[in-house]
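K.L.:
Read off the chains here:
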Amino acid sequence: QQQVKQSPQSLIVQKGGISIINCAYENTAFDYFPWYQQFPGKGPALLIAIRPDVSEKKEGRFTISFNKSAKQFSLHIMDSQPGDSATYFCAASMTGGFKTIFGAGTRLFVKA
Amino acid sequence: DVKVTQSSRYLVKRTGEKVFLECVQDMDHENMFWYRQDPGLGLRLIYFSYDVKMKEKGDIPEGYSVSREKKERFSLILESASTNQTSMYLCASSSQGKSGGTEAFFGQGTRLTVV
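Protein chains in written order, with my numbering: chain A, 624 to 735; chain B, 257 to 371.
Hints may contain errors.
Only pairs whose alpha carbons sit at most 30 Å apart, straight line, appear in this in silico BS3-like list of lysine-lysine [as the list claims (entries may be wrong)]:
#1 B/Lys274 / A/Lys722
#2 B/Lys313 / B/Lys327
#3 A/Lys628 / A/Lys680
#4 A/Lys665 / A/Lys628
#5 A/Lys665 / B/Lys259
#6 A/Lys665 / B/Lys313
#7 A/Lys722 / B/Lys313
#8 A/Lys680 / B/Lys259
Here are some, though not all, of the chain A residues that point toward chain B, as calculated from beta-carbon distances under 10 Å [to be verified]:
#9 Gly664
#10 Ala672
#11 Arg674
I should point out that these hints are in silico values taken from the structure, not numbers from a laboratory. The structure displayed is predicted, hence computed values, not measured ones. We put the beta carbon where it would ideally sit given N, CA and C, even for glycine.
Work out the full structure, taking the sequences as your base and the hints as a guide.
P.N.:
The structure is reproduced here in structure tokens:
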């Protein structure tokens, strides 16, 4: 019940295309759903996050879509660029919670 | 600028050595975490702490111990380093959100090689 399942494991997208990464969770007590971006040799950093009172959040080319009833959320990267090539982790946490639960990660490669 | 700082970026240690990885955060966070990251295996939680002197095992605690004597500092200890502990180690911290889950902040990572 604590797991967050992420797919796909890896993704290759042409420059200018749309990258889509999906995550699913079980625990309805989760109330914070962040996405982290990690470049090689660096620690993950927060990219964008959403709370379950909204169905979508957009920041520049990055959008989270959230489906509370299906317990799923996804990251969309519009107009993907080679500089977006990185590993992306979805995650979930809850009020007063000790742990953030991470998905397994998706390696994105954007071809120039 | 908020920070989680790990004491070393790169370490090379010999098999059987006792190894200390140090992590300091300046955000007054209650929670601190140690993860290891290996290719294709994502982020695996080793130990976490939700208060000073408190610690909880994560998913892969075997061969590791931790210490949290001060709120801002969380140390990971490899009692007797082995080659299968060669990995990237990431420290993170977060607050215990009173009105919703919160962001985890990561350090830059320590790449440990055990020879």
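K.L.:
Now look at each hint and say whether the structure bears it out.
P.N.:
To see whether the hints hold, each was checked on the structure:
no.	hint	verdict
1	B/Lys274 / A/Lys722	27 Å, holds
2	B/Lys313 / B/Lys327	18 Å, holds
3	A/Lys628 / A/Lys680	20 Å, holds
4	A/Lys665 / A/Lys628	23 Å, holds
5	A/Lys665 / B/Lys259	14 Å, holds
6	A/Lys665 / B/Lys313	25 Å, holds
7	A/Lys722 / B/Lys313	12 Å, holds
8	A/Lys680 / B/Lys259	26 Å, holds
9	Gly664	7 Å, holds
10	Ala672	7 Å, holds
11	Arg674	6 Å, holds
The structure agrees with every numbered hint stated previously.
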